[in-house]
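Sequence lines, in order, name chains H and S.
Just add 861 to the spot in the first sequence (first one is 1) and you have this note's numbering.
Just add 861 to the spot in the second sequence (first one is 1) and you have this note's numbering.
Incorrect hints may have been included.
One copy or two, it doesn't matter: identical chains are merged, so the pair holds either way.
[Said to hold, decoys possible] Using 25 Å as the maximum straight-line C-alpha spacing, the simulated SDA-like pairs for lysine to any residue come out as follows:
id, residue 1, residue 2
1, K906, P1133
2, K1210, R1045
3, K1103, I1180
4, K906, M927
5, K906, E917
6, K1210, R892
7, K973, I1148
8, K973, L912
Simulated from the structure, these hints should not be mistaken for laboratory data.
There are 2 protein chains.
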Amino acid sequence: MALLVQKFGGTSVGTPDRMRAVADHVTRTVRRGDQVVVVISAMGKETDDLLRMAREVSNTRPGREMDMLVTAGERKATALLCMAIADLGVEAESFTGSQAGFLTDATHTNAKIIDVQPDRIRASLAAGRVPVVGGAQGQSAQRNVTFLGRGGSDTTAVALAHALGADSCELYTDVPGVFTSDPRIVTDARKMEHITFDELLEMTANGCPKPAMRSVEFARTHGVELHVRSAFTWESGTVVTKESTMEQAIVSAVVHDADEAKVTIGGVADRPGVAAHVFRALADADINVDLIVQNTSDQGVTDISFTVPHGDLDNAVAICEVAGAEVGFTRVTAEPAIARVSVVGAGMKSHPGVAATVFETLAANDINIEMIATSAIRVSCVVAESDIERAVVALHDAFGLADGPVYVD
Amino acid sequence: MALLVQKFGGTSVGTPDRMRAVADHVTRTVRRGDQVVVVISAMGKETDDLLRMAREVSNTRPGREMDMLVTAGERKATALLCMAIADLGVEAESFTGSQAGFLTDATHTNAKIIDVQPDRIRASLAAGRVPVVGGAQGQSAQRNVTFLGRGGSDTTAVALAHALGADSCELYTDVPGVFTSDPRIVTDARKMEHITFDELLEMTANGCPKPAMRSVEFARTHGVELHVRSAFTWESGTVVTKESTMEQAIVSAVVHDADEAKVTIGGVADRPGVAAHVFRALADADINVDLIVQNTSDQGVTDISFTVPHGDLDNAVAICEVAGAEVGFTRVTAEPAIARVSVVGAGMKSHPGVAATVFETLAANDINIEMIATSAIRVSCVVAESDIERAVVALHDAFGLADGPVYVD
């Protein structure tokens, strides 16, 4: 008998039919002999609807009240799912985040979990029931309701799985798992059966949107096995575990991100503090700078390029122009039409030559590389946006990903 | 400085505009120097929407889960109203029923308040804030969320006013107060400035639908002053207090109820237990029998007539026919087209002659009386439904109610 945490996102429970389908899956799992704890998000677009109502009612929206409002969404979903499970003959009990023992800090709208004390969840399991917990919720030391922010249900599921010592945390979503590349672009992209946390983190940071990065980091830190799978086909998905010394795929996946733009500041004086001044100003404006590349200094001046989300491009350029006037650099240029392709693989750490293959493949396809950035398990290249699909297909092919992973010897 | 509990029903907060209008009234009250605690219902038809969703999702709807679901409605409303109040520069804090200290029994969907420990509400007031409490909510000893049932927000407001020692409990609604008669029928019906609990209870039990009877009973028991008033015109309404020895109106109001039907069982053996058998069977079927009149026994048999809600008539007749076969009575007749007119006044206790005036007035208008029932402060007559509007107008006129109350000397 396994103890499983099953987390369902908003799309998975967006309609009465979906609610019943999820209830059916949960009760099947229970009847198979496993114990199940469910974590559930608000139905469909409900969170958006609640945020819209708040905007309609008031220009002042204190965080404490926003959290009270938004958590109503998961609350409804937990109760409805419990009814649907009961309809199939299995007892279920809904729990708010605070009832489930989630203690958080008081950072309303984006609270962090401090502790999980799931006594009532354990009691519910011991009584043979299915506890259904509202995702992304908790209570602060001041006994106020808190919300963990968007994507917080994944974090709730992982933290609960850890606190309960669950065997696996199943994250049900609208895709069947994690693919070697985007199936809309690469027709022979393959669903991976296994992936490491590090690989998934490099992928979620590079245009593969699910699951929420914060929950993956939590799962890695605490060694909680994740299973990313479909709430529509119910097939087995992708299991995410700690890196094993055996069977490390040299290259696991090719991911891409076309939602970024590139900013270059040129003629930067190569002295301490200049880069710090620029990036502090960008951070203060809440602009999420991603890749940063600085070229070698040439006669005391250098260029710095970085990428930002498309929506922040104008703002970033304006901030750089102000900063340029303050610390003295000569020009700021913006290139909106770029995209990034990344090759990710836990095995490349001990297997040199992956970067060379990436560069050769792009060159052979006449794709110019504008920026390069690497981590221990990732090689990223910024290319023209118009080249991105060809780049992804060529790299997926070059590493033979459609046929299955190539492992380190 | 007064401490006021202000309760707003679903219609009063049904739209963003209404939310802002209520917030405006609350902040005006605070700026006038009073302390305010708000109790609020779910917005508009939200409770109905939630019940509909439950029906769509499942045929099995455990009370514990229904309460978790339905209380999401008030939760949203509290948070939104707090935002709207904050927008006007006054700090407000939302509280669920359990946060506000409402301890109830575990009768889900229709819980009873056991205790109110409003420590957090007191602290919120002491900090100069406006606490906004979700109506009709509480928590059981098992720490489950409970719902007090429809109309429970009035009860929440009255119980909270009592626990806090508030000076008045203002029940805001969509009518300006309690009238001497239905203004749709009696064009010169007058809004009463004062009324006693007993009078209001006789009226709510006799076709005057607001406020919820349970809350009026609670207010009477604990001596909480009620002020029934409008959330649309904001004018002063009707203040409900304990009976005073001074100034008791002989007749305060004429109310009517056309939602009932009459059942007569004839040829009933006049021996102990027969009536008990019939009314136990009706109670077991959850049929709310109202007036019961039994005629004097004539040669060992008697007739019993009673009224039931229209919707229960067929069922009541069927139950009586079964009971008749068991205890032996000869016939069951149903009269759907009846209505009841009641004259209510705290002063009639010490002022004989009201009943006589009622009967004379109806006779003078050629209105036949089918049943008569009285309490210490009420005279009710059942008449043909087609006569009811004439009966109401005639009695309102006979007691001169348009001109103001006639007091006992």
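Each hint, compared with the structure:
no., hint, result
1, K906 / P1133, "neither (48 Å within a copy, 63 Å between copies)"
2, K1210 / R1045, "neither (29 Å within a copy, 84 Å between copies)"
3, K1103 / I1180, "neither (40 Å within a copy, 69 Å between copies)"
4, K906 / M927, "both (16 Å within a copy, 22 Å between copies)"
5, K906 / E917, "both (17 Å within a copy, 18 Å between copies)"
6, K1210 / R892, "neither (43 Å within a copy, 67 Å between copies)"
7, K973 / I1148, "within (21 Å within a copy, 53 Å between copies)"
8, K973 / L912, "within (21 Å within a copy, 33 Å between copies)"
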